[in-house]
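Colleague: Here is what each chain is made of, one letter per residue.
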Amino acid sequence: MKHFIFTVFTLFALILACTEPDKRVLPILGERDLADGDTVYRSVPEFSFVDQDSQIVTNATFKGKIYVVDFFFIHCPTICPKVKANGLRIYQKYKDDPRLALLSHSIDVKNDTVAALKQHALKLGVDKPGWYLVTGDHDAIYGIADDYFSVAVVNPDAPGGFDHSGRLILVDKNRHVRSFCDGTDAADVDRFMKDIDILLEEQFATR
Amino acid sequence: MNNFKTSFLLTLAAFLCLYFGGSCEKNTFQEGERLYKVHCANCHMDDGIGLSALIPPLAGSDYLNKHREQLPCILRYGLSDTIFVNGKMYAEKMPGVSTLSEIHIANLLNFINNSWGNRNGVYRLEEVRAALEKCK
Ligand code: HEC
Numbered sequence: 001m002k003h004f005i006f007t008v009f010t011l012f013a014l015i016l017a018c019t020e021p022d023k024r025v026l027p028i029l030g031e032r033d034l035a036d037g038d039t040v041y042r043s044v045p046e047f048s049f050v051d052q053d054s055q056i057v058t059n060a061t062f063k064g065k066i067y068v069v070d071f072f073f074i075h076c077p078t079i080c081p082k083v084k085a086n087g088l089r090i091y092q093k094y095k096d097d098p099r100l101a102l103l104s105h106s107i108d109v110k111n112d113t114v115a116a117l118k119q120h121a122l123k124l125g126v127d128k129p130g131w132y133l134v135t136g137d138h139d140a141i142y143g144i145a146d147d148y149f150s151v152a153v154v155n156p157d158a159p160g161g162f163d164h165s166g167r168l169i170l171v172d173k174n175r176h177v178r179s180f181c182d183g184t185d186a187a188d189v190d191r192f193m194k195d196i197d198i199l200l201e202e203q204f205a206t207r
Numbered sequence: 001m002n003n004f005k006t007s008f009l010l011t012l013a014a015f016l017c018l019y020f021g022g023s024c025e026k027n028t029f030q031e032g033e034r035l036y037k038v039h040c041a042n043c044h045m046d047d048g049i050g051l052s053a054l055i056p057p058l059a060g061s062d063y064l065n066k067h068r069e070q071l072p073c074i075l076r077y078g079l080s081d082t083i084f085v086n087g088k089m090y091a092e093k094m095p096g097v098s099t100l101s102e103i104h105i106a107n108l109l110n111f112i113n114n115s116w117g118n119r120n121g122v123y124r125l126e127e128v129r130a131a132l133e134k135c136k
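Chains G and Y supply the protein sequences, listed in that same order.
Numbering-wise, my numbering puts 179 at position 179 of the first sequence, and it's gapless, one number per residue.
Numbering-wise, my numbering puts 10 at position 10 of the second sequence, and it's gapless, one number per residue.
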């Protein structure tokens, strides 16, 4: 009997240990320069795209917000639907929270017109502002992809090397990349969503 | 001592349950499952639930039974039509996988028709072969 109680206690302690709130601080990822003898982190450069409602989306759209970035195209036979399904989980959790937005760039600028993006968004179930599906100049889209993804180049522990596919990237209010995950891997996205909460806490703490 | 053994076994069992939790529903269609992960799960998802109004579900899909003879052709040649699955309309494009052999197709269909709560019986090779004759 004693042992049984002991076992129950051990299990209970284990469960407690696993649900302990996360106290990590997210690092600032990406390239850094040395200016005036101090490190400065490179931030996401200026951009200007058009979203599914024909509205111009720029850095100003995300002023005072943190946001999640990805790259996709509508007629993607491979990983995109999984990334979209996980993006949808994030959207659904935060769609009433104005502090967070999502920004999906189409890399098929020829086929994914504004009208096609609108239809895609509606069919996906995106009916509120907060998830911008954008298109724009081909070179501008591919250029900004390099900027967002360069974080992993200087982040050698990025799982499975780095390519443009399937990543979700978390950007803070100061246009710094703070976290990323494999958008096809639900467990990794769970971890990423915890990172979102940590960043919200850090950047919007009421003190 | 016996008590100790019991509690040890209990703990072990608890951990095993945690570790293997969820995988208790053993699937007998392992080759079909492997093919599904490679060719289909990206779109229809690991648990067959599809994606919003873009990709129809396979789990609990009434389409599977209603269009039993067409399924082999759909897997090999794709589908781009306006269809109804469980009363919901889908009008998207599914690419076929032209490299699937008759055996692959039978394995795949047996997996999707008997997973996630689906109980639609199995396909025999002759049935798949006959169905494919019609869409050559
Ligand atoms: C690129 C995404 C994609 C892939 C990969 C894909 N499907 Fe589909 N599937 C779809 C879409 C979209 C439809 C609906 C087509 C339409 O509207 O005409 C569909 C329809 C179906 C249907 C009929 C409707 C239903 O839900 O019961 C079946 C069965 C099916 N797919 C099975 C498969 C199987 C098996 C595979 C793997 C060999 C596969 N699909 C791979 C996107 C995909």
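No lab work stands behind these hints: they were computed from the structure.
Be aware that one or more of the hints could be misleading.
Okay, derived cross-link-like pairs now, EDC-like style, lysine to aspartate or glutamate, Cα gap no bigger than 20 Å in a straight line [as the list claims (entries may be wrong)]:
no., chain 1, residue 1, chain 2, residue 2
1, Y, K88, G, D197
2, Y, K37, G, D185
3, G, K173, G, E201
4, Y, K37, G, D188
5, G, K123, Y, E69
6, G, K63, G, D197
7, Y, K93, G, D108
8, G, K173, G, D185
9, G, K95, G, E31
10, G, K65, G, E202
11, G, K118, Y, D62
12, G, K110, Y, E92
13, G, K123, Y, E133
Colleague: Next step is simple, just say for each hint if it's right about the structure.
Modeller: Tested hints:
Under the criterion of a C-alpha separation no larger than 20 Å, the hint pairing Y/K88 with G/D197 is inconsistent with the structure, at around 35 Å. For the hint linking Y/K37 to G/D185, the alpha-carbon distance of about 13 Å falls within 20 Å, and the restraint holds. For the given pair, G/K173 sits about 12 Å from G/E201 by alpha-carbon distance, which is consistent with the 20 Å threshold. About 18 Å separates the Cα atoms of Y/K37 and G/D188, which keeps this hinted pair within 20 Å; it holds.
For a cut-off of 20 Å, the pair hint linking G/K123 to Y/E69 is broken: about 29 Å separates their Cα positions. This hinted pair checks out: G/K63 and G/D197 have alpha carbons roughly 18 Å apart, not beyond 20 Å. For the suggested pair Y/K93 and G/D108, the alpha carbons sit about 17 Å apart, so the restraint of at most 20 Å is met. For a cut-off of 20 Å, the pair hint linking G/K173 to G/D185 is broken: about 26 Å separates their Cα positions.
For the suggested pair G/K95 and G/E31, the alpha carbons sit about 31 Å apart, so the restraint of at most 20 Å is broken. In summary, the hint linking G/K65 to G/E202 is supported, as the alpha carbons are separated by about 12 Å, within the 20 Å threshold. Restraint check for G/K118 and Y/D62: the C-alpha separation of about 29 Å exceeds 20 Å, so the hint is violated. Between G/K110 and Y/E92 the alpha-carbon distance is near 18 Å, which keeps this suggested pair within the 20 Å criterion.
Between the alpha carbons of G/K123 and Y/E133 the distance comes to roughly 35 Å, so the proposed pair goes past 20 Å and is violated.
When held up to the earlier numbered hints, the structure conflicts with 1, 5, 8, 9, 11 and 13 and fits the remainder.
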